[in-house]
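Asks: Since the structure of chain A is already known, use the hints to place chain B on it.
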Amino acid sequence: MNTARRGIIPDPIARQPWGMLIPLFMLVAFGAAVLYSAAGGSMDPYASSHLTRFGVFLVMAGVIASLPRPFVQIMIYPTYIVVLLMLLAVEVMGQVRGGSQRWLNLGFMELQPSELMKPMIVLTLALYFSKLPVGLITSWRALLVPGAMIALPMGLVLLQPDLGTSLALAFGGGVVMLLAGLPLRWFFGAGAAAAAAAPLAFYFGLQEYQQRRVLTMFDPEADPLGAGYHITQSKIAIGSGGLFGKGFNNGSQSHLQYLPEPHTDFVFATMAEEWGLAGGIFVICMFTIILRWGMRVAYQAKDRFASLVAAGMSATIFFYIAVNLLMVMGFAPVVGIPLPFMSHGGSSMLTNMICIGALMMVNRWNRDAPRGGLAS
Amino acid sequence: MKWLPWRSGVQRRGPLMNASTLKNTFDRRAIVIGGIQGGIAVLLAVRMGYIAIAENEKYELESESNRVNLTLIPPRRGWILDRNGAPLASNRADFRVDVIPERLANPEGTIDQLGELLELEPDRIADIKTELETSTGFTPVEVASGLDYEQFASVSVRLPDMQGVVPQRGFSRFYPTASSVGHLIGYVGPASSEEYEETPNPLYITPGYKIGKDGLEKQFEDDLAGIPGARRVEVTAGGRIVRDLETREDIQGDPVKLTIDGPLQDYAARRIGLESGSVVVMDCETGDLLCMASMPSFDPNSFSDGIGSVEYAMLREDQRVPLRNKVLKGLYPPGSTVKPMHCMAFLQAGVKPEDSITCGGGRRIGNRFFNCWSNHGRVDMAKAIYQSCDSYFYHFAQAVGFDKVAEMAKSLGMGQEYPLPVTSQFYGTVPDPEWKFNKFGREWQPYDTVNASIGQGYYLASPLQLAVMSARLATGKRLKPRLVMSGDAPNPTDYNFADNEIAYIRQAMSDVVNGPGTAGRGRLPFEEIQMAGKTGTAQVVSLSVSDGRSGPWKYRDHGLFVFFAPTENPRYAGAVVIEHGGGSGAAYPIARDVMTFMFDPAKGLDALRTLEEQWGGTAQERLDRRYAAYASERGETVPPSRRRDEEIFDRVEAEARLAAEQTQQVGEEFVAPRPVANPSGTPPPGAFDPAASDASDGTSQ
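Quick note, the sequences are listed as chains A and B, same order.
Position one of the first sequence corresponds to residue 446 (our numbering), numbered consecutively onward.
Position one of the second sequence corresponds to residue 5 (our numbering), numbered consecutively onward.
Only chain A is shown next, with the shape it has when bound in the complex:
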């Protein structure tokens, strides 16, 4: 892989995983174009900051990619605890000030600790399972400790309340646990328990607005001006785009403000209206390439820790994509999860670029040390 083009392109550049980066750049550029249109044909306020953030976070991803393995492994548990404390701080400050609070004001930026927690939970669990003696993988220690590691931040995020993020945490953690080799029947059991508990959670756990969102997913037309409005308008935007869309900057649904959140949660609908099915297929293909690369990095990883990190990071990105796209097409309730690399928003960009950075890091480890049989 790093031999063919040697001599023409400098090695540090040729070394980079272009198979993932090129689709990523195309997605981000395409996202910027859509945001340009969503702002009514203007770089400001969305497209320019989208590109700037991507540039900054790309550098950050590069830094992450270059981190040495031992350093990473040493830093994981302390960082997890710091992020957990930040979540607690958010909750306490929210209690003091009253109302829901999701971010910490650090002075120079507003940080959502729950976003940081998504990659952190993957890293933490990956580290835990990699250190767990192989034989204990079917024991209670393989379940209870990671369970607590997931449950603590999930509980704090749920208190905010932020259902989407807490589900993302559960999903990322769950995938790592699954890949770590925990007995399948535990997952089936958990799945059955979740199915049984779902109605209870629905009636007692969810806020009323959340209940309505879930209900309208099944019948958006039941309440076209209320909770179903988002889904209905999103489907109108996608459906009216047709095969090739209405043309760049010609989307009436987004420009006339029928589409809610045309630059964040519903950026895909904004795109689909102007670029049609062709644009949609392009976006799905780009995501597929990126995720496939991510899973291959996991597959090629030398050791348990690296492969679990890579797979968990891919799964986290996948969760964003899947839930967002299912939502805009009317298959999932409106949970407020943005589309990676296309939606305007710093926090989600940060999370996803941390994931990309971690994947690049594992990719580098893979390249530096060829795959060994039983190396741990």
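Please note that the accuracy of each hint is not assured.
Straight-line Cα separation of at most 25 angstroms, SDA-like style, residue types lysine to any residue; simulated pairs [said to hold, decoys possible]:
1. B:62 - A:692
2. B:27 - A:693
3. B:27 - A:695
4. B:62 - A:519
5. B:408 - B:497
6. A:747 - B:61
7. A:691 - B:60
8. B:27 - A:792
9. A:691 - B:238
10. A:747 - A:509
11. B:27 - A:692
12. B:481 - B:551
13. B:62 - B:238
14. B:27 - A:631
15. B:27 - A:809
16. B:62 - A:586
17. A:691 - B:49
18. B:387 - B:497
19. A:691 - B:61
20. B:443 - B:674
21. B:27 - A:586
22. A:691 - B:239
23. B:27 - A:691
24. A:691 - B:69
25. A:691 - B:237
Worth flagging that the hints you see were computed from the coordinates, not collected in a lab.
Replies: Relative to the frame of chain A, chain B by itself:
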């Protein structure tokens, strides 16, 4: 524990749990997860393809209907014209403000704010609030129309803070002669919620759109309505208009041309003055109705935004029933006005004009003596008409049989309904034995003949019928009353009355006015044009209750007069009925002035001006003043109750029927005539009259 923690788990995975098996597990599960991811990618692509291609048409339509807002432009209503093309109802460009109840966030607050901006009266504000409570959905409620630009602009600039308020330029209906045409033309108003439910026409909930609610406005709704225009605009979800896409102009409704003579209608309405009554004038060649004035009336201009509570209370309390169209729905005993027509019946039955009787202050019919109003001595047909001798009619009605007389009456239009475009008309009664038996289950008595022979008792006629009778009798032609100008002039057939018979009746009726008759002061102020007529005084209660001229207004006699002019070659015929005028003396001076105006408008207006000075202004001026006084005095105490217009008019109609029934009750026994031929009283006390004395007062014979 290390090797066999749970048997089943170990058995499935094999006996050894080591790094290699874990790696295998990882690979297997990673492939499954990758497969699920790929599956979801395919699912999303398929789903998107389905939405964007299979359902593309549906969503494209929805996207368009989101983007494009179609605003209807209410069509300008067709004009209602008089016979000379002058407008009786036209449209006036104005600024208006409506509210859409469904869209109001804070109805009370918004209306109060509007009331302040537009300087609305407190009772109007109360009315609007009541209406808002009862109105449903998107039916707009009019707040004000006819605003000046300043007021309009003051609302427009505050629009962002006032959701559901619709200020716009438009056209409103305008009736130049106001109350003079109220009953005839009717008025327009916004469609009610019920009407919208019946016919869900989107125009009905377009602010500013009015439909005919009464009278000709209602009858000719289809012609007058026109075709709405439309404006297609691109709007944001918040309702802000981004740009105009397309505008289609409205098409104004067709004009309706009436046979009414506008100035005459206005003149007659004003000439009625403080009285309560009606004037009908017909063209003797075509049957065209030139005037159908009914007073007092309402101002149709002020009804167009709904009938205000205070206004309604004022109109209801007026015992002269301003809401009743008396031309069509006022039924009165015709009294002596039927006598010439009865004479024609006698002539057709073979009675000679010279045949005479002796009136000895009355006449014995059967075994009972019936009083005449005076002692006329020897009476032939001519004298019976011009002196209005009752005895003559008692005798000859008995002699020829009242059946024949009733037949003539019906043939000349009494008791008939005419094919006119009116919302409803009462057809009254021509009594005969069969009718009486059907109605009361009692046999016809000689006193019934006596009563009916002089137009009393059960006899009931509307002013329109009296005018038709008069025109048919004067011309000998079956004239059909006509209200709308249509292409060809009608060609009425003859009754086959002998010319000399017609001439005889005409002469006798001329003598009523110009000779030794009962309406000496009815002579027209022209050398060459003479008016012929017949006075009538209709008793509403028996002589024992009231003398017919003084006492409670509602017990006073009705004053009637039928006429035609010129005498020799009648061109116009008509009838005047003054309710409780105290006798015919209240009626025929009005006919005189109306005919004067017909032949010489300037002269007619001179006479009217003098009278109006005494009365305190024109009918409309008096109505306005009366309303202002009423509102300032009683406005506070009138509860804001909003009824549907239909209810109001159903009630008015029911009361009109009841009034007619009550009038008929006097026919239960012989109605002894008043000892005065053409008396008159004063207008009712409620008529807001600075000058009570009436120039029409006169008791000459």
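Asks: Next step is simple, just say for each hint if it's right about the structure.
Replies: Status of each hint after checking the structure:
With a C-alpha separation of about 19 angstroms, the suggested pairing of residue 62 (chain B) with residue 692 (chain A) holds against the 25 angstroms cut-off. Proposed proximity of residue 27 (chain B) and residue 693 (chain A) is contradicted: the alpha carbons are some 48 angstroms apart, above 25 angstroms. Under the criterion of a C-alpha separation no larger than 25 angstroms, the hint pairing residue 27 (chain B) with residue 695 (chain A) is inconsistent with the structure, at around 51 angstroms. As the CA atoms of residue 62 (chain B) and residue 519 (chain A) are separated by approximately 57 angstroms, the hinted pair breaks the 25 angstroms bound.
Between the alpha carbons of residue 408 (chain B) and residue 497 (chain B) the distance comes to roughly 21 angstroms, so the proposed pair stays at or under 25 angstroms and holds. For the proposed pair residue 747 (chain A) and residue 61 (chain B), the alpha carbon gap of about 52 angstroms is over 25 angstroms, so the pair is violated. For the hint linking residue 691 (chain A) to residue 60 (chain B), the alpha-carbon distance of about 12 angstroms falls within 25 angstroms, and the restraint holds. Proximity of residue 27 (chain B) to residue 792 (chain A) is assessed by CA-CA distance (about 34 angstroms); at most 25 angstroms being required, the pair is judged violated.
About 16 angstroms separates the Cα atoms of residue 691 (chain A) and residue 238 (chain B), which keeps this hinted pair within 25 angstroms; it holds. The suggested pairing of residue 747 (chain A) with residue 509 (chain A) holds, with an alpha-carbon distance near 18 angstroms, which does not exceed 25 angstroms. In summary, the hint linking residue 27 (chain B) to residue 692 (chain A) is not supported, as the alpha carbons are separated by about 49 angstroms, beyond the 25 angstroms threshold. This hinted pair does not check out: residue 481 (chain B) and residue 551 (chain B) have alpha carbons roughly 39 angstroms apart, beyond 25 angstroms.
Restraint check: the Cα-Cα separation between residue 62 (chain B) and residue 238 (chain B) comes to about 19 angstroms, which is no more than 25 angstroms; the hinted pair holds. Proximity of residue 27 (chain B) to residue 631 (chain A) is assessed by CA-CA distance (about 19 angstroms); at most 25 angstroms being required, the pair is judged to hold. Distance restraint check for residue 27 (chain B) and residue 809 (chain A): the Cα-Cα separation of roughly 20 angstroms lies within the 25 angstroms cut-off, and the hinted pair is therefore satisfied. As the CA atoms of residue 62 (chain B) and residue 586 (chain A) are separated by approximately 55 angstroms, the hinted pair breaks the 25 angstroms bound.
Proposed proximity of residue 691 (chain A) and residue 49 (chain B) is supported: the alpha carbons are some 19 angstroms apart, at most 25 angstroms. Taking the CA atoms of residue 387 (chain B) and residue 497 (chain B), the gap is about 30 angstroms. The hint is violated against a cut of 25 angstroms. Between residue 691 (chain A) and residue 61 (chain B) the CA atoms are separated by roughly 13 angstroms; this keeps the pair inside 25 angstroms, and the hint holds. Distance check on the hinted pair: residue 443 (chain B) and residue 674 (chain B) sit about 18 angstroms apart at the alpha-carbon level, within 25 angstroms; holds.
Our distance criterion of 25 angstroms between C-alpha atoms is met by residue 27 (chain B) and residue 586 (chain A), whose separation comes to about 19 angstroms. Our distance criterion of 25 angstroms between C-alpha atoms is met by residue 691 (chain A) and residue 239 (chain B), whose separation comes to about 18 angstroms. For a cut-off of 25 angstroms, the pair hint linking residue 27 (chain B) to residue 691 (chain A) is broken: about 49 angstroms separates their Cα positions. Between residue 691 (chain A) and residue 69 (chain B) the alpha-carbon distance is near 16 angstroms, which keeps this suggested pair within the 25 angstroms criterion.
The suggested pairing of residue 691 (chain A) with residue 237 (chain B) holds, with an alpha-carbon distance near 19 angstroms, which does not exceed 25 angstroms.
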